[in-house]
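Participant: The lines below spell out each chain.
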Amino acid sequence: MIKVENIRKEFGDNLVLNDVSFSFEKRKTNLIIGESGSGKTTLLKLLIGLHTLDSGNIIYDGRVFNEMKLKQKRLIRQEIGMLFQGGALFDYMSVEENIMFPLTMFTEQSEEEKLDRVNFCLQRVNLENTNTLLPSELSGGMLKRVAIARAISMNPKYLLCDEPNSGLDPKTAIVIDNLIQEITEEFDMTTIVNTHDMNSVMQIGENIVFIHKGVIWWEGNKEELIHTNNKELNDFVFASELFKRLKNK
Amino acid sequence: MMIKGLKNIGNYFIMMKKVMSRPEKYSVFLKQLKLEIGKIGLDSIGIVIIISFFIGAVVTIQQSINLENPLLPKYLIGLVSRDALILEFAPTMIGLILAGKIGSSIASEIGMMKVTEQIDALEIMGINSASFLILPKIIAAMFFFPILIILSITIGIIGGWLGGLSMDIPTADFVYGLQYQFIPFYVTYSLIKTVVFAFLITSISAFYGYTTKGGAINVGKSSTLAVVYSSILLLIFNFILTDLILS
Ligand SMILES: Nc1ncnc2c1ncn2[C@@H]1O[C@H](COP(=O)(O)OP(=O)(O)OP(=O)(O)O)[C@@H](O)[C@H]1O
Ligand SMILES: [Mg+2]
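The listed protein sequences correspond, in order, to chains A and B. Each residue of the first sequence is one higher than the last, beginning at 2 in my numbering. Each residue of the second sequence is one higher than the last, beginning at -15 in my numbering.
The reader is advised that the hints may include incorrect statements.
What the hints assert, rightly or not - Simulated pairs of lysine-lysine, DSS-like, Cα-Cα distance not exceeding 30 Å:
1) K72/A / K18/B
2) K197/B / K46/A
3) K115/A / K9/B
Please keep in mind that the hints were generated in silico from the structure rather than gathered at the bench. Keep in mind that this is a model prediction, so the values were computed, not measured.
Generate coordinates for the entire structure from the input sequences, incorporating the hints supplied.
Facilitator: In structure tokens:
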């Protein structure tokens, strides 16, 4: 479980997050939704310490992350897999080298063991036999899947995903969503996914927070979301005319 | 402007403090180092040879015109060319060329990694990204630049000899001049400068790459800034070192 308590973050005089508290639960795909610029990426980056908090606490299963020294933070980070908005694969390394990289850096495994793990992860994301390709030779959906494979190579306890299906077609997007949900349960992870894709929300939304105006405006699951009366949330979720009419029926 | 400059200097030292830490894993570090020696060192050999050859030839030709006087012995041309190449042309000129070539490539490589979140990816894996990416480059350059400069001096002298032949300077005179009153310390001085230049070029360029913000356009900007500032600092340090060591 990842808990955030009274988080506050300002960039200059742009107050992005104001007193946000929430628990991201284990074995669940927790969703953060909100408009572009609402602070979803900022929240994820705060969680892993790429931004510093103005105030509040971030707690990984009882361990207060924000009070740690950088060295201790690095140890927690090794328990975290992260999927970046653009994939962030190392572009001079092949698929295999990308996935193997964390293993090489942090384990004493033999080449064979590492290769086994790489192939297991690749198979898990349905990309067998792509080992020697370079990131520039992959399609958008493949790139995301390799990034997932790299994120899970170290058996992380926590998986953070920033817009895992931005730039993908709806069908591929759902494949990625399902994959994230499956591995979350399979490997007992606490997963957090940022998204503004309503397909994803309806597909995997077990525990959803809606960030609006710097606060948690609403929280619930996908059924509750469909029937909500919250005006701002409705404006966000049912943004298109078609959806509005469908909801009003 | 002034404040921004000071802030940059501060940030440079903060970054360098991060860079100067023990590598996480030596086997990986050595692999990176080999890669960087290839990129920074071996790939520069061609350009160093071409430039040094022509500089050597031109320097000798100019000296032989300047020293065209029946009272002055011809071997003087060999001597003067030798010292000019060792003291200034090889380290400083090649330093500036390498600032352009290597500085821009380091800044754009690291800048691109920054804007595509690859550096964030390293950080969240728990890796000290500054040290991981930058330290091998600095060490590779400090190790390989002196080799490039020795090469440059050698090729420059060969160029000088051929340039001299075209001006009717006999080989025997030129070679005698090369050996005449040779001060080995000049080579030491030249190599000290080179090592400092190597450090400046790689660390400053890495700094501009590492602090790139935004998108691809800014990568281009960082790479320009990297070349401009590493060249300026190289010239400033050239002055300081010459003042300290030679006078
Ligand atoms: N490093 C930064 N420095 C200054 N301001 C920033 C920084 N990062 C984000 N911001 C600001 O914080 C706000 C939230 O940005 P953030 O990237 O978290 O939004 P987001 O919800 O992820 O949007 P999107 O859906 O478009 O990815 C924006 O107003 C942005 O300008
Ligand atoms: Mg975002």
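Participant: Would the pair K197/B and K46/A pass a check requiring their Cα atoms to be no farther apart than 30 Å?
Facilitator: Judged against 30 Å, a Cα distance of about 16 Å means the pair holds.
Participant: Between K115/A and K9/B, is the straight-line Cα distance small enough, at 30 Å or below?
Facilitator: Since the Cα atoms of K115/A and K9/B sit roughly 16 Å apart, the hinted pair holds (cutoff 30 Å).
Participant: Holds or violated: K72/A and K18/B, Cα atoms, limit 30 Å.
Facilitator: holds (28 Å)
In summary, the structure agrees with every hint in the numbered list given earlier.
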